[in-house]
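K.L.:
Chain by chain, the residues:
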Amino acid sequence: GESVGLHLPTLSVQEGDNSIINCAYSNSASDYFIWYKQESGKGPQFIIDIRSNMDKRQGQRVTVLLNKTVKHLSLQIAATQPGDSAVYFCAESPQGGSYIPTFGRGTSLIVHP
Amino acid sequence: DVKVTQSSRYLVKRTGEKVFLECVQDMDHENMFWYRQDPGLGLRLIYFSYDVKMKEKGDIPEGYSVSREKKERFSLILESASTNQTSMYLCASSILGMIREKLFFGSGTQLSVL
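Protein chains in written order, with this note's numbering: chain L, 13 to 125; chain G, 48 to 161.
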């Protein structure tokens, strides 16, 4: 999952497996969370979001889980495909203030055929 | 689809040069942002703007300035480039009232300062 330090956390999976990417957020006031996917040579792209009044939200092959008690967010990708290989960022946004989201350091997902 | 276009994919400049990074969006978005991306550090906000001629500092504004003379264009300026400003720069936009939701990013400008 996302962590301190300059090394990008990496998750390697086999094609067809399920992937779980973790993110620990720091601001108790954050009430909105987004996952972005960044493919090589491209800018980040929105995948899915969740608000703090929910614990789980599902999209197409992706599920985001939110545990407010321990300030933890996860992105689950079902039946991972080579096209899922990318860097994944979580972003948290506090209620109030500028609302500008703060991004995590990212996790590199590598899918092996 | 929203398109956010950054004028250069790669840029090489010398220390002390004044550098302009340009960004244009075509969806009439009010909010625009400049981030820098460094390996292992994620995306850090430099400046953002929620309207023409309006600008707000982000987390790391030192050494940078911005200009927003037209709604669709947001420029990042490095007044005197330094080697520690070598980085990937990402521009993004979003709809007014949704400043924190669903940012649309450009493909980035990889700036090397020698």
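If you're looking for bench data, these hints aren't it; they were derived computationally from the structure.
Do not take every clue at face value.
Where chain L lies over chain G, by a calculated footprint (3+ residues, C-beta under 8 Å) [claimed, not checked]:
| # | segment |
| --- | --- |
| 1 | 82-92 |
| 2 | 149-161 |
In silico DSS-like pairs for lysine-lysine, Cα to Cα no more than 30 Å straight-line [to be verified]:
| # | chain 1 | residue 1 | chain 2 | residue 2 |
| --- | --- | --- | --- | --- |
| 3 | G | Lys117 | G | Lys50 |
| 4 | G | Lys117 | L | Lys68 |
| 5 | L | Lys54 | G | Lys65 |
Pairwise CB distance ranges (calculated) [what the hints assert, rightly or not]:
| # | chain 1 | residue 1 | chain 2 | residue 2 | range |
| --- | --- | --- | --- | --- | --- |
| 6 | G | Glu69 | L | Phe58 | 21 to 29 Å |
| 7 | L | Tyr111 | G | Glu109 | 30 to 38 Å |
| 8 | G | Glu109 | L | Ala41 | 22 to 30 Å |
| 9 | L | Glu27 | G | Glu69 | 17 to 25 Å |
| 10 | G | Lys60 | L | Lys54 | 17 to 25 Å |
| 11 | L | Gly28 | G | Met101 | 47 to 55 Å |
Just so it is clear, CB atoms sit at the ideal spot from N, CA and C, and this is done for glycine as well.
K.L.:
Each hint needs a verdict: does it hold in this structure or not?
P.N.:
Hint check results:
Residues of the segment 82-92 of chain G with a Cβ under 8 Å from some Cβ of chain L number 8, which satisfies the need for three, so the listed coverage holds. Given a C-beta distance limit of less than 8 Å, the hint that chain L covers the segment 149-161 of chain G holds, as 7 residues qualify and 3 suffice. At most 30 Å may separate the alpha-carbon atoms for a hinted pair to count; G/Lys117 and G/Lys50 meet this at roughly 16 Å. Pair hint G/Lys117 plus L/Lys68 does not hold up; C-alpha atoms about 40 Å apart against a cutoff of 30 Å.
Distance check on the hinted pair: L/Lys54 and G/Lys65 sit about 26 Å apart at the alpha-carbon level, within 30 Å; holds. For G/Glu69 paired with L/Phe58, a C-beta distance near 23 Å keeps the hint of 21 to 29 Å intact. L/Tyr111 and G/Glu109 have their C-beta atoms about 23 Å apart, which leaves the hinted 30 to 38 Å range violated. At roughly 26 Å, the beta-carbon separation of G/Glu109 and L/Ala41 lies within the given 22 to 30 Å, and the hint holds.
Distance hint check for L/Glu27 and G/Glu69: the Cβ-Cβ separation is about 39 Å, which falls outside the suggested range of 17 to 25 Å. At roughly 23 Å, the beta-carbon separation of G/Lys60 and L/Lys54 lies within the given 17 to 25 Å, and the hint holds. A hinted range of 47 to 55 Å for the beta carbons of L/Gly28 and G/Met101 is consistent with their spacing of about 49 Å.
When the structure is compared with the earlier hints, violations turn up for hints 4, 7, 9 and for no others.
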